[in-house]
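Undergrad: Spelled out, the chains give:
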Amino acid sequence: MANTDDKKIRDADFTSLSGRPLQPLYTAEDLAALDLDAVVGVPGEYPYTRGVHPSMYRGKLWTMRQFSGMGTPEQTNARYKFLLEKGQTGLSVAFDNPTLYGRDSDHPLSAGEVGKTGVAVDTMADMERLFHEIPLGCVSTSMTINAPAAWIFTMFLANAEKQGVAFADLRGTLQNDILKEYIAQKEWIFPPEPHLRLITDLMAFCADRVPQWNTISISGYHIREAGSTAAQELAFTLADGFEYVERAVAAGMDIDDFAPRLSFFFNAHMDFFEEIAKMRAARRIWARRMKDKYKARSPRSWLCRFHVQTAGCSLTAQQPELNVVRTALEALSGVLGGCQSLHTNSMDEALALPSEKAVEIALRTQQIIAFESGVPHVIDPLGGSYYVEKLTSELEEEAERYFRKIDELGGVVPAIEQGFFQREITRAAYEYQMALSKRRKTIVGVNEFKNAGETLEIPILEIDESVERDQIRGLLEVKARRDNGAVRARLEALTKAAATTENLMPHLLECARVYATLGEISDALTTVFGEYQEQPFY
Amino acid sequence: MASPKIKVIIAKPGLDGHDRGAKVVARALVEAGMEVVYLGLRQTPEAIVHAAVEEDADVIGLSILSGAHMTNFRKVKELMDAAGIGDRLLTGGGIIPTKDQAQLSGLGVGKLFGPGDDLQAIIAYIQDWHHSHSSA
Amino acid sequence: MKSKINAGRASLSPELWDNFFKGSRLACACLITQVENYPALLPEIRDRLIPRLRGAVRIGITGPPGVGKSTVTALLARRAVKAGRKVGIIAVDPSSPFSGGAFLGDRVRMQGLIGDPNVFIRSQASRDGHGGLSPTTPAVADVFDAFGLDRILIETVGVGQAELDVMNSADLVVLVLQPGTGDVIQALKAGIIEVADLVLVNKADMPGVDGLLDALKFLFDMSAKPKAKPVPPVLSASALQDQGLDEVYAALERLIEGHARSGLLREKKRARIEDEIKTAIQRDLWDKFQTAAGTGADIASAAERLVDDGGSPYPYIRGLGARIHLEFQPEGSHGKYGR
Chain A
1 MANTDDKKIR DADFTSLSGR PLQPLYTAED LAALDLDAVV GVPGEYPYTR
51 GVHPSMYRGK LWTMRQFSGM GTPEQTNARY KFLLEKGQTG LSVAFDNPTL
101 YGRDSDHPLS AGEVGKTGVA VDTMADMERL FHEIPLGCVS TSMTINAPAA
151 WIFTMFLANA EKQGVAFADL RGTLQNDILK EYIAQKEWIF PPEPHLRLIT
201 DLMAFCADRV PQWNTISISG YHIREAGSTA AQELAFTLAD GFEYVERAVA
251 AGMDIDDFAP RLSFFFNAHM DFFEEIAKMR AARRIWARRM KDKYKARSPR
301 SWLCRFHVQT AGCSLTAQQP ELNVVRTALE ALSGVLGGCQ SLHTNSMDEA
351 LALPSEKAVE IALRTQQIIA FESGVPHVID PLGGSYYVEK LTSELEEEAE
401 RYFRKIDELG GVVPAIEQGF FQREITRAAY EYQMALSKRR KTIVGVNEFK
451 NAGETLEIPI LEIDESVERD QIRGLLEVKA RRDNGAVRAR LEALTKAAAT
501 TENLMPHLLE CARVYATLGE ISDALTTVFG EYQEQPFY
Chain B
539 MASPKIKVII AKPGLDGHDR GAKVVARALV EAGMEVVYLG LRQTPEAIVH
589 AAVEEDADVI GLSILSGAHM TNFRKVKELM DAAGIGDRLL TGGGIIPTKD
639 QAQLSGLGVG KLFGPGDDLQ AIIAYIQDWH HSHSSA
Chain C
675 MKSKINAGRA SLSPELWDNF FKGSRLACAC LITQVENYPA LLPEIRDRLI
725 PRLRGAVRIG ITGPPGVGKS TVTALLARRA VKAGRKVGII AVDPSSPFSG
775 GAFLGDRVRM QGLIGDPNVF IRSQASRDGH GGLSPTTPAV ADVFDAFGLD
825 RILIETVGVG QAELDVMNSA DLVVLVLQPG TGDVIQALKA GIIEVADLVL
875 VNKADMPGVD GLLDALKFLF DMSAKPKAKP VPPVLSASAL QDQGLDEVYA
925 ALERLIEGHA RSGLLREKKR ARIEDEIKTA IQRDLWDKFQ TAAGTGADIA
975 SAAERLVDDG GSPYPYIRGL GARIHLEFQP EGSHGKYGR
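Residue numbers (my numbering), protein chains in the order written: chain A, 1 to 538; chain B, 539 to 674; chain C, 675 to 1013.
Hints were generated in silico from the structure; no laboratory data involved.
Being a predicted model, the structure only gives us computed values, none of them experimental.
All C-beta atoms, glycine included, are put in the ideal place defined by N, C-alpha and C.
Among these hints, one or two may not hold up.
Heads up, simulated BS3-like pairs for lysine-lysine below, C-alpha to C-alpha not over 30 Å straight-line [unchecked claim]:
1. Lys-615(B) <-> Lys-696(C)
2. Lys-943(C) <-> Lys-615(B)
3. Lys-760(C) <-> Lys-943(C)
Quick list of simulated restraints, FRET-style, between CB atoms [unchecked claim]:
4. His-669(B) <-> Leu-994(C): 32 to 42 Å
5. Gly-644(B) <-> Phe-963(C): 54 to 64 Å
6. Glu-394(A) <-> Asp-949(C): 52 to 62 Å
7. Lys-162(A) <-> Gly-644(B): 42 to 52 Å
Among the chain C residues that face chain B by a calculated CB cut under 10 Å, a handful are [as the list claims (entries may be wrong)]:
8. Ser-770
9. Ser-773
10. Asn-792
11. Phe-794
Bound-form chain A, shown alone (with noise of 0.2 Å):
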């Protein structure tokens, strides 16, 4: 290796966040074997490594969207006023954990949770009070939402429709990735079949009746939370994306309509050079595979466009203030590696909901990339770059090592059931927390650089015990005005179509209608399709 100087050597781990080894230097050796120009190629032109639009950030800035939601409807509404004033361009909606399980904020289990991670929803009452004021038609949303994101939906799409805005001009996401919940967020109500059933219906239904509509967000955010090296995530989204295509072209869909409503999530993580060539595999892994393998004819089925969230996990209790440069860094590498849309955590979120201080120099932080750095002013500018080029290909390799053990196993269902992806993301998980206690891999302030006797200094958002009690308020009064006879037909029917091949979407927008709750939905869905049990693997 020509001129480094290799006497002295640190001793520290210069491996990235995920274990890769890394050379001190990378010339335009490591890239001979590369075809470049086919490989990397232009923006905008097959295999997108460069990017997916031919313009990128000069033609539209990514959207800057922060997930957001809390307590009650009235609340998180007030927040969505609060981050569209400061300037952010998309909703993204966070609802509490009894609302991303199916449950109605007065299920017994329900209990204590009511409104604390997100905003609780439990009819369409809740969608006409978290979007008051708010033009569906105007501002494109996302909704963090999977097990009961189909009922979720029509909810939503049941408000919109008494604001009077036409299907057809809604512009958002649906989270609705079953599949990551198996491998890594645990939130299910059935077994997977009829959550993949849900999810087809949901994109025929869309690629007619809300053709702007973004179905899936196939998801590695949360494999990548779960302690998943960057490889795993790369690797398991884009498996779970195959899965979906092959479900929907079995389900009789054309793969022209509902592949170019697909999007993807990635995490931004701290290592940044490493998150960008994710990135970037990604984009050239995809337009390859659909285009190769699954015969897509229509360029817009070959675009991975994803949303990134600047990673959770990197986010310290221990001088909090210290986030905001790591969320600055994270967000950095989600526009170096060509995002769509982004959201930028808060300095407080290891401790709590954002604040709005928070909040707004999260935001703010977009802003300074955006309008100040420079960055993006030119497309892909690290394209051509040695070490990230190889990266990108390190980085394809290695999914692809993963496509064919899963391949092996017998598909992604299979290799959940075996516990495939739990185990390897339990075991890099693992070897990450050792790592640390050893000190081989550092966090400021946390590992090293500690501040003896840190007493926490910056105010946090609580969110009262009242919520829960107004929202159970709230919902019965519901109960009590709608027409409870007609939610009972329409749930019966709802249940009828659950055991045929009906789509159910249709029902279950009439239920929305109704206001028939998210628990009576699930219910009524889990007495056909039964609860899943996982087996747990280590």
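Chain A is fixed; fit chains B and C onto it per the hints.
TA: Only chains B and C this time, still in chain A's reference frame:
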């Protein structure tokens, strides 16, 4: 004679599926020589205490990141007292503000751990507690 | 009631026994802990338990890792409860040879039994045991028996080695296999197939199940030795879908009945008692030998010498043996075996 093994129950009560921490702590305790019964997700306080009785556990460790810690710790402590195992260690971790930790400590809950706490500190805490609570 | 923490000394209080025989689950759990942690107490505990044993049937569930033993155990337990039985489950997981700790993850797969008052689940680490069980598993089974549980399911570590422990401590052994993993060969090598009273091929929805069933049938046809033991039934099931377990449970109950009638259960129990006596005497003799001869360190240094000299240990052994003089006192006199 070797000192008896410390028996620990690790569980996640309520609706929170983020089990990275629980699994990592469980494994660390095993590597420190403890016998760990991992109960996993979506456990009710009743199920947790029921298992603790059957396993004659020395320690119950709860992982809660959902903000429902006051409800869950309180309930588990109540049930432990009622079942006759109120003198065992109830500890845990997750996202629990210092103010709430102080309140829980007043109810008899042990030290709680959060983001950034070293695994060695958790192990040492449990070992010290066990040592000082088993009169030889 | 004194919890085990406060009664940290190795002793059993009258309160504990009282509560135990009154049916306190906590007392049962505490007693099991005493059994696990204080081997010196075992004779005393056994003395009190044995008169109260009610003849619970011990069923060992063994097999390679990952075949679904826990799920099968839970489903069989549920059926036993439905049939009016009280069930104890001892789920054994391996202790780490390095740290001595253990990850006990079986009961998490038995969620369907949560809170059932007719089921008592206890996880055990294998500790010093080498045959898939803990050395104290048989004694724990006795605790369950005396507590009033009449079906005791013992789920072993199932590493696929010769599972002599389970053969000795269970009245019946269920071997669980799954298709597609070459387990038949493993099971053959381990000799476990000869030990099984019932073979269950789980995950019958997976490919390869027919092949496995055929292979097993062939195996048993070939090796039908003229023993008292009949050819074990071979069944298949899908535990995750809860399919086929009714037949397994029924077959088990039939076996239990049959073994009771034929005297096999009695023979097993007799063999266990004999084994316990032999093991206890061996341990006792060794302890006394150690104390009398102070030989622990002596043997260690002899080995140290021999590893360098390269000589045979037998002269040393014969020398030691020549110094042993065993006197067996007549019955009735206070001898070396009383307390």
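Undergrad: For a quick check of understanding: which of the numbered hints are violated here, in increasing order?
TA: 2, 10
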